[in-house]
Amino acid sequence: MHDAILSPWIGWMLLAVFSVLWITLGWYWGHKARRSLDDYMLAGRNVGLALGTATAMATWVTSNTTMAAPQLAYQMGIWGMIGYSLGSMGLILFAPMAERIKALIPRGYTSGDFVRLRYGKAAWRVFLAISIFYGLGWLISMGMAGGLLLNALTGIRYEVGLTVILIVCMAYTMMGGLYAVIGTDFIQSILILAGIVLLAIIAYERVGFEPVHAALAAKRPDLLNLLMPAALMFLFNNLIFGLGEIFHSNVWWSRAFAFRKGVGLRAYLLAGIFWAPVPIVAGAVALVAPHLGMNVPAADMVGPLVAARLLGAAGAVVIFIVVFSSLASSLDSLLAATSDLIVEDIYRKHFRPEAEESSLRRASFLTIVLLTVAAWLICLPRVTHLAGMIAFTGAFVGSAIWPIAAGLYWRKTNPLGATLGMVAGSACGLFAYFYVGWYVAALIGAAVSMVIVLATTLAAPRDFDWQRLQEHTDEEPAVERAPAWVPETVANA
Amino acid sequence: MRFATAFILITALTFPAIASAGVLVLNTSTERSETGYYRLSWEVPDRSTAVEVEESASTDFALDDTHVLYNGTDHATVISGRQDGVYHYRARIAGGDWSAPITVAVVHHSMTKAIGFLALGAVVFMATAVLILGGHLKYRREQNAAAGEVNDA
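First to last, the sequence lines map onto chains A and W. Mapped onto numbering that gives the first Met the number 0, the consecutive letters of the first sequence carry residue numbers 0 to 492. Mapped onto numbering that gives the first Met the number 0, the consecutive letters of the second sequence carry residue numbers 0 to 152.
Hint data in this document are derived by calculation from the structure and do not stem from the laboratory. Hints are supplied without guarantee of correctness; some may be wrong.
Claimed, not checked - In the SDA-like style, the derived pairs of lysine to any residue whose C-alpha atoms are separated by at most 20 Å in a straight line are:
| hint | chain 1 | residue 1 | chain 2 | residue 2 |
| --- | --- | --- | --- | --- |
| 1 | A | Lys218 | W | Leu136 |
| 2 | A | Lys218 | W | Gly84 |
| 3 | A | Lys348 | A | Phe364 |
| 4 | W | Lys112 | A | Asn224 |
| 5 | A | Lys218 | W | Arg38 |
| 6 | A | Lys411 | W | Val129 |
| 7 | A | Lys411 | W | Asn70 |
| 8 | A | Lys218 | W | Val106 |
| 9 | A | Lys218 | W | Tyr69 |
| 10 | A | Lys260 | W | Glu33 |
| 11 | A | Lys218 | W | Leu68 |
| 12 | W | Lys137 | A | Leu103 |
| 13 | A | Lys218 | W | Asn70 |
| 14 | A | Lys218 | W | His87 |
| 15 | A | Lys218 | W | Thr65 |
| 16 | A | Lys260 | W | Arg139 |
| 17 | A | Lys218 | W | Asp64 |
| 18 | A | Lys411 | W | Arg139 |
| 19 | W | Lys137 | A | Asp462 |
| 20 | W | Lys137 | A | Gly436 |
| 21 | W | Lys137 | A | Phe430 |
| 22 | W | Lys137 | A | Trp465 |
| 23 | A | Lys260 | W | Leu136 |
| 24 | A | Lys260 | W | Ala145 |
| 25 | A | Lys218 | W | Gly71 |
| 26 | W | Lys137 | A | Arg99 |
| 27 | W | Lys112 | A | Gly436 |
| 28 | A | Lys411 | W | Leu136 |
| 29 | A | Lys218 | W | Glu141 |
| 30 | W | Lys112 | A | Phe430 |
| 31 | A | Lys260 | W | Asn143 |
| 32 | A | Lys218 | W | Gln82 |
| 33 | A | Lys218 | W | Asn143 |
| 34 | W | Lys137 | A | Tyr408 |
| 35 | W | Lys112 | A | Lys411 |
| 36 | W | Lys112 | A | Tyr434 |
| 37 | A | Lys218 | W | Val85 |
| 38 | A | Lys218 | W | Glu33 |
| 39 | A | Lys411 | W | Gly134 |
| 40 | A | Lys120 | A | Arg347 |
As the structure is a prediction and not an experimental result, all values here were calculated from the model.
Next comes chain W alone, as it looks inside the complex:
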């Protein structure tokens, strides 16, 4: 049931917005990324419509801070490997008006938290390995002892 609810929620949150009156609506999978990756998507009325997406470090898309992120007929782009920072995006159909800008803040998890999970993982793994390998050695010793008893008999 939780699984189904999760699916419904994910569907509702990621359903792409539809362009109206020639202006694109740009969507992001998240406005705050703790992993450095996210996905931008947009919907165009025609599959062959070319779309231009810009990324900028400034809200006013000043020329020096802005570059073309994507230009083509796909309907989405995955961004990854981003360092901490605030990134602004806008998109348009070639020659059309720019969409309303959207902003994604990349704020990676703290190193303290990351090291904490790493250490916890190491402990769980080591404990599991010790349980299995220790159990296996004990089992082998018992097998050898039983075989020795049979041979002695």
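So that you can see chain A by itself, here it is in the shape it has in the complex:
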């Protein structure tokens, strides 16, 4: 479909080098995770500020950021990339919530734990459906991004690239649990930041701002229009979507549990501040395309194509490393956190309350494999573009914002209102997705949910005792028990 910049053998070599690196690190950190389930799922609950900031930032710099931000800049212009950048508000507003979560549920495992204890089983099941659906959607979008990237840069077939990337991330996540995820995130965040900044500086140094502006004004004038209606509608939608993604997802809750006491607030705040410029820098690269007179056959490939065109093989290698790193840093987090949610909230809480750690760990492995296979099967027919795929989940996650936030801070939040808010918010958000546009789905979902939570709480407030969230305090924490198959010398080390 498009001539590749790199030869397939360079692509395979890069893929091999980074695959071996991530898997080796996963194996190495996996040693630390062998002592207990707590180590495996929550990195021993002892992550400090530097690693905490890096993992939050790297996870939020997804392949969506590095590929969909340029796409949105190419489709919606200036507001497209600024709107994407407002996704940083999710991390910034989650910072105080992380502190609250750690204080209220110090021994918690998943975001599902909170919803179940706070609102009861009906809300919990609705929440699980939303959260798992979102997790799968995010996985799919990243799998698609991986396949597209390899295809555009190296000519390796979409299906092959997709398969390799999913298998590599699955392998090291299974080996090392959250230790491996956080450790690799640290390295990946450095690669991502350095690569993106390098690309943008070189790109604009070569072409300059004025020619880029002139080409946009002549060929795609509305990309410079600050009153472009769809872009204005998109602006807050993306911010709200970011809030919904972070507030509800176990990816972020598991980190709040894993961070050392006092780290969560500062780590998320710093991560939000560091993340904000990334989509603007990545998006700016896409706006060079009209000046170069290049054809863009698929909007979600504009970033890699421009970088490769401007910088040749070296640029293609840099973008390969950046996107592969961002992809891996998010895929691993998502696989780990979604599998935790499924194992803890569905397998353990619904079917096997007395399950031993060894059994839970086997269930974790199996869940990671099944999630990978499910994502792979859905990714294979490439049926929609990245931004549209991601936005589809916006209706669902937007509807979870108020039930989560009001449940964390207000004692009187009505549980039925929280459940109805999620259901009605998702339904209305979906309606908006199909009848107005993908760029308003999260906003409508959140607005409807907010009104319902507020109205029901004002009309029928319920008192809640925060102590009811301390489910794990009095019992012997499972984390201290090493599974039977762990050698005693390792368990006691």
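Go by the hints and put chain W onto chain A.
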């Protein structure tokens, strides 16, 4: 289930048409764009076949209103940043016959609607921020008060 249905629908709607007898079939992702962006695609029997795509402001592709939008071997092109208007397209394999023309009308959402969604977004965001920051300050005050009581004791 809705998700799967949506995928099936999207697949059916976007599956590219196949050229027959040397004449291209040009497709568009939408005939009415409210965002100013859309995608044109075409299918050629051979990957290396060069294709020429023209854009025109008039239905008869009069010379003054027409320009070459794309010339190359790709199978699609994304158009974006278009202002309100009606745009006509046709394509051909080099030296071949022109495809049947297609038309895309760009009709941006009204400013009233855009400002309405912008305002709604601002309200939801501000309300959420107030909830969280207010809750956080209250939590901090309670923590400080509890710490003070411990110190006094």
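Outcome of the hint check:
1. For the proposed pair Lys218 (chain A) and Leu136 (chain W), the alpha carbon gap of about 50 Å is over 20 Å, so the pair is violated.
2. As the CA atoms of Lys218 (chain A) and Gly84 (chain W) are separated by approximately 14 Å, the hinted pair is consistent with the 20 Å bound.
3. Between Lys348 (chain A) and Phe364 (chain A), the direct Cα distance comes to roughly 18 Å. Compliance with the 20 Å bound is thereby established for this hinted pair.
4. Annotation: proposed proximity of Lys112 (chain W) to Asn224 (chain A) holds, straight-line Cα distance about 17 Å (limit 20 Å).
5. The suggested pairing of Lys218 (chain A) with Arg38 (chain W) holds, with an alpha-carbon distance near 16 Å, which does not exceed 20 Å.
6. Among the hinted pairs, Lys411 (chain A) with Val129 (chain W) is consistent with the structure: their alpha-carbon atoms are about 17 Å apart, no more than 20 Å.
7. Between Lys411 (chain A) and Asn70 (chain W) the CA atoms are separated by roughly 64 Å; this puts the pair beyond 20 Å, and the hint is violated.
8. At most 20 Å may separate the alpha-carbon atoms for a hinted pair to count; Lys218 (chain A) and Val106 (chain W) meet this at roughly 18 Å.
9. Taking the CA atoms of Lys218 (chain A) and Tyr69 (chain W), the gap is about 13 Å. The hint holds against a cut of 20 Å.
10. This hinted pair does not check out: Lys260 (chain A) and Glu33 (chain W) have alpha carbons roughly 49 Å apart, beyond 20 Å.
11. Only pairs whose Cα atoms come within 20 Å are accepted, and Lys218 (chain A) paired with Leu68 (chain W) is accepted, the gap being roughly 10 Å.
12. Annotation: proposed proximity of Lys137 (chain W) to Leu103 (chain A) holds, straight-line Cα distance about 14 Å (limit 20 Å).
13. At most 20 Å may separate the alpha-carbon atoms for a hinted pair to count; Lys218 (chain A) and Asn70 (chain W) meet this at roughly 16 Å.
14. A hinted pair counts as satisfied when its Cα atoms are at most 20 Å apart, and Lys218 (chain A) with His87 (chain W) qualifies at roughly 16 Å.
15. Pair hint Lys218 (chain A) plus Thr65 (chain W) holds up; C-alpha atoms about 14 Å apart against a cutoff of 20 Å.
16. Restraint check for Lys260 (chain A) and Arg139 (chain W): the C-alpha separation of about 15 Å stays at or below 20 Å, so the hint holds.
17. Of the pairs offered as hints, the one joining Lys218 (chain A) and Asp64 (chain W) holds, with about 15 Å between alpha carbons and a cut-off of 20 Å not exceeded.
18. About 19 Å separates the Cα atoms of Lys411 (chain A) and Arg139 (chain W), which keeps this hinted pair within 20 Å; it holds.
19. Between Lys137 (chain W) and Asp462 (chain A) the alpha-carbon distance is near 17 Å, which keeps this suggested pair within the 20 Å criterion.
20. Only pairs whose Cα atoms come within 20 Å are accepted, and Lys137 (chain W) paired with Gly436 (chain A) is rejected, the gap being roughly 39 Å.
21. As the CA atoms of Lys137 (chain W) and Phe430 (chain A) are separated by approximately 37 Å, the hinted pair breaks the 20 Å bound.
22. Proposed proximity of Lys137 (chain W) and Trp465 (chain A) is supported: the alpha carbons are some 15 Å apart, at most 20 Å.
23. For the hint pairing Lys260 (chain A) with Leu136 (chain W), the CA-to-CA distance comes to about 18 Å; that is within 20 Å, so the pair holds.
24. Under the criterion of a C-alpha separation no larger than 20 Å, the hint pairing Lys260 (chain A) with Ala145 (chain W) is consistent with the structure, at around 17 Å.
25. With a CA separation close to 19 Å, the supplied pair Lys218 (chain A) and Gly71 (chain W) stays within the 20 Å bound.
26. For the proposed pair Lys137 (chain W) and Arg99 (chain A), the alpha carbon gap of about 11 Å is at most 20 Å, so the pair holds.
27. Distance hint between Lys112 (chain W) and Gly436 (chain A) is fulfilled; the C-alpha atoms sit about 12 Å from each other, no more than 20 Å.
28. Restraint check: the Cα-Cα separation between Lys411 (chain A) and Leu136 (chain W) comes to about 18 Å, which is no more than 20 Å; the hinted pair holds.
29. A threshold of 20 Å between alpha carbons decides the hint, and for Lys218 (chain A) with Glu141 (chain W) the separation of about 58 Å lies outside it, so the pair is violated.
30. For the hint linking Lys112 (chain W) to Phe430 (chain A), the alpha-carbon distance of about 16 Å falls within 20 Å, and the restraint holds.
31. Straight-line distance between C-alpha atoms of Lys260 (chain A) and Asn143 (chain W) comes to about 16 Å, which keeps the hinted pair within the 20 Å bound.
32. For the suggested pair Lys218 (chain A) and Gln82 (chain W), the alpha carbons sit about 11 Å apart, so the restraint of at most 20 Å is met.
33. Pair hint Lys218 (chain A) plus Asn143 (chain W) does not hold up; C-alpha atoms about 59 Å apart against a cutoff of 20 Å.
34. About 9 Å separates the Cα atoms of Lys137 (chain W) and Tyr408 (chain A), which keeps this hinted pair within 20 Å; it holds.
35. Of the supplied pair hints, the one linking Lys112 (chain W) and Lys411 (chain A) is violated, its CA atoms being roughly 35 Å apart against a limit of 20 Å.
36. Between Lys112 (chain W) and Tyr434 (chain A) the CA atoms are separated by roughly 13 Å; this keeps the pair inside 20 Å, and the hint holds.
37. With a CA separation close to 16 Å, the supplied pair Lys218 (chain A) and Val85 (chain W) stays within the 20 Å bound.
38. With a C-alpha separation of about 18 Å, the suggested pair Lys218 (chain A) and Glu33 (chain W) falls inside the 20 Å cut-off, and the hint holds.
39. About 13 Å separates the Cα atoms of Lys411 (chain A) and Gly134 (chain W), which keeps this hinted pair within 20 Å; it holds.
40. The suggested pairing of Lys120 (chain A) with Arg347 (chain A) holds, with an alpha-carbon distance near 14 Å, which does not exceed 20 Å.
Figure legend: structure checked against the earlier numbered hints; hints not met, in rising order: 1, 7, 10, 20, 21, 29, 33, 35.
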